[in-house]
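2 protein chains.
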Amino acid sequence: MSAVLFDRLVVIGAGLIGSSIARAVREKELATTVVVADRDAAVCARVRELGFAHEVTEDLAAAATGADLVIACVPVGASRAVAEQVGPCLKPGAILSDVGSVKGAVVEAMAPFVPAHAHLVPAHPVAGTEFSGPDAGFASLFENRWCIVTPPEGADEQAVDRLSGLWRAMGANVELMSAHHHDLVLAITSHVPHLIAYNIVGTAAELEETLASEVIKFSAGGFRDFTRIASSDPTMWRDVFLYNRDAVLEMLGRFTEDLTALQRAIRYGDGDALFDHFTRTRAIRRSIIELGQETAAPDFGRRAAGKPRHEQS
Amino acid sequence: MSAVLFDRLVVIGAGLIGSSIARAVREKELATTVVVADRDAAVCARVRELGFAHEVTEDLAAAATGADLVIACVPVGASRAVAEQVGPCLKPGAILSDVGSVKGAVVEAMAPFVPAHAHLVPAHPVAGTEFSGPDAGFASLFENRWCIVTPPEGADEQAVDRLSGLWRAMGANVELMSAHHHDLVLAITSHVPHLIAYNIVGTAAELEETLASEVIKFSAGGFRDFTRIASSDPTMWRDVFLYNRDAVLEMLGRFTEDLTALQRAIRYGDGDALFDHFTRTRAIRRSIIELGQETAAPDFGRRAAGKPRHEQS
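Protein chains in written order, with this note's numbering: chain P, 117 to 429; chain W, 117 to 429.
Since the hints were made in silico from the structure, they are not lab data.
Among the hints, erroneous ones may be present.
One copy or two, either will do: identical chains are not told apart, so a pair holds if it fits within one copy or between any two.
Under the rule of at most 20 Å between Cα atoms (straight-line distance), these lysine to any residue pairs were calculated in the SDA-like manner [as the list claims (entries may be wrong)]:
1. 333 / 404
2. 333 / 142
3. 333 / 182
4. 144 / 322
5. 144 / 327
6. 333 / 170
7. 333 / 399
8. 207 / 233
9. 144 / 205
10. 144 / 285
11. 207 / 197
12. 207 / 173
13. 333 / 174
Bear in mind that the values here come from a model prediction, so they are computed numbers and not experimental data.
Only chain P is shown next, with the shape it has when bound in the complex:
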């Protein structure tokens, strides 16, 4: 049913997202040639074994030469280095994109290396699991997920349309917004929740030994899901916090102020304040259900229906 959208499509970085894109494009035949480039020789060897790419190489520049679309699927902090290597090789009309969870800093880092005859169209698929590496990816990861495309001012409309079309063909719902706005929205919907999860798991890890072992044993009371998020890729998340610093600090400041108020209500036994707060938060939940953004099970945005267990969990 789908048509070939790109001739030579290059994915740089064969982690969870990169390998999922390569698999989806290959499976749906959205590109004539799917190229995976990764600087790690071991990763390249594994991708060859898995067989979801037509070409596999450690040479990013060679891969990008003649490409119609290059998607950098690397931690945000590595975007600049990728753009520096790949930019000069881009042919006229080529599109350079990425999948980073932060957009403002990425555009700033990559833009200087994109020649005038090529197009930078950053994007962020709001999808993932807590697993990493080429084995973790699967073709349906983006189905029914949002992909936020953040075209810089004056971006080529046709290039934006072509990239959006690819994401739609992989099953995603595409939304356009500015990089700045994206970073604010994601700070509160994803970055701060991840930081909090990392934090509470860290707090538990510091507990007295007996207590810590029981925390693990009785983790099902709520804690366990935090540990799941807190096992996400450390490099990726380090970069998210470093590169979306301002928005994260802003939202974290609000979070802390509000938590301090709740803490005070607990200390002074202000049951009415607690009850009011806990009642108000129900309305947000209702809105999410009404928007159809709810699934049967919580999944931190990570589960595709019908996946084998190791991919789901």
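Position chain W relative to chain P; hints supplied.
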């Protein structure tokens, strides 16, 4: 396969937990007579319609008269009032228990009303969903969940064994510990995680209107699961925080100190500190998986396998 363990078993409060106990006991025929007592006439009417109890009454004292086991399934703050009404009616050898998420304060509140000829054996099934009321319960809610029994010092061993046997018969794994220790463990595994979830959803609710609507739209990036927890019963959770105040404040203090350190690392761009923290938290996750306490999907301790969707979600 199961035997009748109690003659007259009384559940007080037909909410999620109470109605699940009544259903499980009825379904597995663990008691000759299952009585549900609830002070709310509308709830009693609904329980009669649902038909999972042999007797339904608004009169707690009448229900408890002649009972072999009375389980208070009410918000922690209502335990005292229940014990006051029910205590004087308890026959020799009768057991009074509860299901509260806080144990120290509950024992203190209930103990004075339990006659010397009866036995107080508090318990806490670590299970639930974010739904409330008699319709929300289901018989398999406790299967493969922990039930923590916290016998007061000098508690009657036979009574503790009988109550533990009931929970095992309902599918739970039983663990004994002191009320004080229970409250510390639950503060970090359940109470603080819930408070944090309530808090971040509240923070989002205060955002500028445009931003708030997008937070809902893109909630799948992590935020959505917090909204699920934050839609739990406000009365129950108000009481948890009021009655487990000291342990919650202690754990919250540690959480905040740690979060402040992470915030500082973000502000000053200390990537190594972030990376180290995010790597350490993976070990905790591994321990949980090794203990077999992990399921395919995150569920905040709330999902029983094989349940219909509305009960699962």
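Hints and how they fare:
no.	hint	verdict
1	333 / 404	between (32 Å within a copy, 7 Å between copies)
2	333 / 142	neither (43 Å within a copy, 30 Å between copies)
3	333 / 182	neither (54 Å within a copy, 38 Å between copies)
4	144 / 322	neither (47 Å within a copy, 42 Å between copies)
5	144 / 327	neither (50 Å within a copy, 35 Å between copies)
6	333 / 170	neither (46 Å within a copy, 36 Å between copies)
7	333 / 399	between (33 Å within a copy, 14 Å between copies)
8	207 / 233	within (7 Å within a copy, 89 Å between copies)
9	144 / 205	neither (27 Å within a copy, 71 Å between copies)
10	144 / 285	within (8 Å within a copy, 51 Å between copies)
11	207 / 197	within (19 Å within a copy, 78 Å between copies)
12	207 / 173	within (19 Å within a copy, 79 Å between copies)
13	333 / 174	neither (44 Å within a copy, 38 Å between copies)
In summary, the numbered hints that this structure violates are 2, 3, 4, 5, 6, 9 and 13.
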